[in-house]
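Colleague: Here's the letter readout for the chains.
2 protein chains.
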Amino acid sequence: MTSEFSAERLYEDLVEHKHIIPVGVPGIFGRGAIFEDVLRRFDALVSRVAEKDGAVVMAFPPTLDRKVLERSEFLDSFPQLAGSVFSFAGTDREHGQLRDAIHAGQSWESWQTMTGVVLTPAACYPVYPSFTGTIPENGHLVDMQNWVFRNEPSPEPTRMQAFRVREFVRVGTADVVVEWRDMWLKRGVELLRSLGLPAQSDVASDPFFGRGGRMLAANQKEQKLKFEVLVPVISREKPTAVCSFNYHQEHFGKLFDIKTPSGETAQTACLGFGLERCVMALFRTHGMVPTEWPKPVRERLWP
Amino acid sequence: MTSEFSAERLYEDLVEHKHIIPVGVPGIFGRGAIFEDVLRRFDALVSRVAEKDGAVVMAFPPTLDRKVLERSEFLDSFPQLAGSVFSFAGTDREHGQLRDAIHAGQSWESWQTMTGVVLTPAACYPVYPSFTGTIPENGHLVDMQNWVFRNEPSPEPTRMQAFRVREFVRVGTADVVVEWRDMWLKRGVELLRSLGLPAQSDVASDPFFGRGGRMLAANQKEQKLKFEVLVPVISREKPTAVCSFNYHQEHFGKLFDIKTPSGETAQTACLGFGLERCVMALFRTHGMVPTEWPKPVRERLWP
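Protein chains in written order, with my numbering: chain A, 1441 to 1743; chain B, 1441 to 1743.
One should not assume that every hint holds.
No copy is singled out in the list; a pair is fine if it fits within one copy or between any two copies.
To be verified - No more than 25 Å apart at the CA atoms, straight line, and that leaves these computed lysine-lysine pairs for BS3-like:
1. Lys1458 to Lys1699
2. Lys1735 to Lys1661
3. Lys1694 to Lys1664
4. Lys1699 to Lys1735
5. Lys1492 to Lys1626
What the hints contain is simulated information worked out from the structure, not anything from laboratory work. Since this is a predicted model, take the numbers as computed values, not measurements.
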């Protein structure tokens, strides 16, 4: 269907068809009715595919207890991506100063102080504190759809500051967790291919910060701790990750004191579908008008 | 069904039935599977009731362009409630200092600077910039479900820092906007009563900041610019607002330069169902187990 892959072209096409509604700042935009409908239908397809797994559904707000972020070591690796929430805690007089600064078009940063909450930096983070203690024999399996924040303004429509992730989290012994991850990696590729998307999986690494970051990323790749499922969305040569699989080993088990029934530190893994990216992959692959999509794709999403 | 109304009792009941999942910080908690199911069903009921209105569906992320907040004058009235997003923009060396501070359990506030985004302070705010210009003859009618942030940590489960609002926004001439608001006020009360909730509407005011705030609130009440629909949830004497109606007159029309076809400044109004509060009202009124709710209520939500 589509010939040209570029970030500008995708953005223009999405805006022209009212699938996204631009606002001033990059990476924050509204979603139109058809975009939302496709997103909900893709999300429902994931539910159908995962139905028999018996995952426990939870939902968390876009904001997270600051202490969970502090404990998670996220800021050791990705300080540039995390968002913390500040607010005003001053007097009437200071409020006057804040107002004057804003109305004069000046910075009002000095009248803001840190609150007890931050933005959710990754879809699985909110759930780990609720696992503290000894897990049941079969471990935990959780199903969530959470908003995630990343401080990375970009004109690429696929690189958002705020996006939704359909996330599954598995907690258990190493065997259980790795087998589950591998099952989903296969299933994820199949699910996306069943929608006519040319999905491929690959080993991947995270955008670690700073000079030490390159080594951490190489190490992560070597240990095959992160996989992604990729589909061409803004580039044919550099396909976009629409699904991401992370094997954390004992990382969260240690940090949040999660034990297996035999007393060992529990392992965790998660996988997430970037819902907006999946929707954009569908629009780019099959065209901007869903009523004109190939019949097999429509039958999967409009069953 | 229920006898005792108190914030503690509701919180305990919701936690006991896994409808909410506590995290460390007040007003930020996870939602369980049944809670989410009821919320989705209530939201779908609102859709059915509003179906013929022909509202345009949009969805916005929980984060907003900072310039929209600055322009909106929200910080003039409610600086204590607004959340701004900060992040790290430092060097490798400063990252080392940030890390040391966090691992030592110290404040890391000094290594955070203001970004271009803030948290959405009210569900209707993201949409106004897209109305700039001349509106069509019939104005605009938009239907959204957005996450809202309020910096007000509280042990009351009904007073959340993050919550979802099903929001409708009307833009047009004064006549059109007020008539629409009044139609919804009646419809909102009827909708909630059809679910067995003892809903009552009343004139209301916003929690304006500071010494001048009391006068602003009195003025708002006198002009009948804000109505709420209230249901007892944590108190019989002080029922909780589950639905809120705001008539902004020319406020947003002026700020975002929105004109009617005849060249006048357009007026706006909005109404929002606080979705979590509606769900909590159902749990408090009919009990914590939806399968045991009265048949007429179940038929409305499980049609």
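Colleague: When the hints from earlier in the document are held up against this structure, which numbers fail?
Modeller: Of the numbered hints, 2, 4 do not hold.
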